[in-house]
Amino acid sequence: MKTRFSRRSVLTKLGGAIAGLFTLSAARAAKAAVQKVLASSGAPKDYDATKHKWLMCIDVNRCIGCGLCAEACKKENGVPEGPYFRTWIERYVILKPEPGSGQTRGETLVDSPDGGMHGFPALTVPTDKIEHSFFVPKLCNLCKYSPCVQVCPVGASFDAPDGAVLVDPKYCIGCGFCIQACPYGCRFLSPVTHTAEKCTLCYHRITRGLKPACVEVCPGQARIFGDLMTAGPDDPIRKFYENNRVQVLKPHLGTEPRVLYAGLDKEVR
Amino acid sequence: MTGEMTNLVVAVAPKFEGYVYPNEAIPHPLWGFLIVIYPYITGLVAGAFIMASLVRVFKVKALEPVYRLALLTALAFLLCATLPLLFHLGHPERCYEIMMTPHFTSPMAMFGFVYAWYLMAVLLLELWFDYRHDFVRWSKITPGFQGFIYRVLTVGVMDESPQALALDEKLGWILSIVGIPSAFLLHGYVGFIFGSIKANPWWGNVLMPIIFIMSAIVSGIALCVFVYMLLTWFRRRTVEMHCLDTMAMFLFYALVMDASLEALDWIHRIYAAEEGFSVMQTMIREKLFYTLNLGQATVGTLLPLLLLGSLQILRRRVPEAVRRRMIFGSSAMILVGVLAMRWNVVIGGQLFSKSLRGVMGYKLEFAGVEGWLMGLILLSLPFIILTVFVKLFLSERLPSTGHAPPNNAAADI
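Quick mapping for you: the protein sequence lines, in order, are chains A and B.
Counted the way this note's numbering counts, the first sequence spans residues 1 to 269.
Counted the way this note's numbering counts, the second sequence spans residues 1001 to 1413.
Hints are not guaranteed to be accurate.
What the hints assert, rightly or not - Listed below are the simulated DSS-like cross-link pairs for lysine-lysine, each with C-alpha atoms no more than 25 Å apart in a straight line: (1) A:Lys266 to B:Lys1198; (2) B:Lys1198 to B:Lys1061; (3) B:Lys1170 to A:Lys250; (4) B:Lys1170 to A:Lys13; (5) A:Lys51 to A:Lys75; (6) A:Lys239 to A:Lys53; (7) A:Lys45 to A:Lys170; (8) A:Lys211 to A:Lys51; (9) A:Lys129 to A:Lys51; (10) A:Lys144 to B:Lys1061.
Read the hints as simulated data drawn from the structure, not as lab findings.
None of these values were measured; they are calculated from a predicted model.
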């Protein structure tokens, strides 16, 4: 029996439809990729992201835990009130071991009240029981293999060529997958925009030749910021990684964080 | 422990013990009850489909009475599978971007395509080829709107020649074969969404996709048993015992596989005792005490294993009425247990800080998008859709040509 549908015509139409879908999808993806770098990053039009490689390093020994950086970040970037931070400070207090316990160390106490934004309360532990105590500023670790970018279903999170890891608020669907994937707790879902937010290294500032707000206000120069592409021999960032033995956070996860820490302890995660 | 129970009823301010990253100190877990329901529903779809393919591909004749019911169940649940995902998004209006500008390294983006493939290319087509002949015949004998629906569903293909029917059968069979790996892919991918998160020691696990697939098969078969028994009860018919016994047998063996895999996972976790092990102990002993030890392990696994296992040994020596109750009870317990398992995975993974120094509390509210009222609505929606499907496509008043509907109901009308 002859039918109106021949195999050839059906297959051609089906193939055409699938090819059309793929083309549409690819075209949109290409457009999106261009838009992302050019439009939604907050950089000025004449900024060339391929000519820079930004990096922030932390000298733990210099941090005094004043919390100005966390506060400046909130103000500069309009970070919502509450448990939402692009950068914060942790206080580590490592106690001496009980005499005769045969241990090298006692308990480790960590706190970060309000992200350390208003400084830290006085310790309740007597000073003579403390073995080490120090502050650790935290921010986006600028991973080379960033798990947050890997899992974003729409490509709203992306690695900028200049080393910043950014989120396009116009594309983010607010699924929260990147927040789950970040091992360092550096991302949050904004209750205002309902999109994922994170440290951008103050992208709107650094692309105009300024320093990130946290670096600007740090009184102890614990945060060292620079451009690896243009850093001369006397540049603080170059001096920092040449003069210090450095570590990264959670190296076993293979994310290869680019943010380098000097003076870190094994208890810091 | 009591905190977890009270949280189910009233709102309790979140509590944190130890140190959690400042961004983790949010009142609700980022992925709440909706994301518990999402893998649950998707798993039921995959499992029900695998159950149906036992008839089509593996020629298990005893299960023919539930073939169409299983497929319709899979469809009803699949239609609701993405709803919880959609509702939980910060920007649901941008959800189409997952398909339009997909990011190919993201498990979530790929799930969109697997879902679309499974719905459009596998399930709907297989059902259509199976039902096409019936649609043609029903459209001729049914008056009014219902007849119009059947006419629309034929899509104008009214050919009833033996060649055409043979082609329907053949294509349905091919689709069923394609459907098995697709169902595995569908739910394996859901498992991968969690299993691929290396930042979270509770989730990042190579066994996760396989455990998800096996538990999906278990929950899917249990759902088919549950729905089949409910349907025959509503229709005042007797259950076909051979069919029910066979389902119970498959349910038992699938449960043995599932329990073994989950046991392997736990043995490995406890033996390897990697980073974060002490936090996991807190989870098992305190945070997830009821849902894990009681819900998942006892109600969802041990009791059904005992009930179904004893049926395998004693078989026909157990009176029919007792067998029916034991099987029905087991399937209901499994359905609860698998929901508890999804809860333990999704919520459990967010009850401890990624600093591995502290644990968070959880409050499940009554109202709100992530509340349990919304969860109940989303969980009952597939059953409402299924009721409509059963009225339309498993009607006792219409003669059926395909794989027989429950209890061969059409034959005695």
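- Earlier hints that do not hold, by number: As far as the earlier hints go, 2, 3, 5, 9, 10 are violated by this structure, in ascending order.
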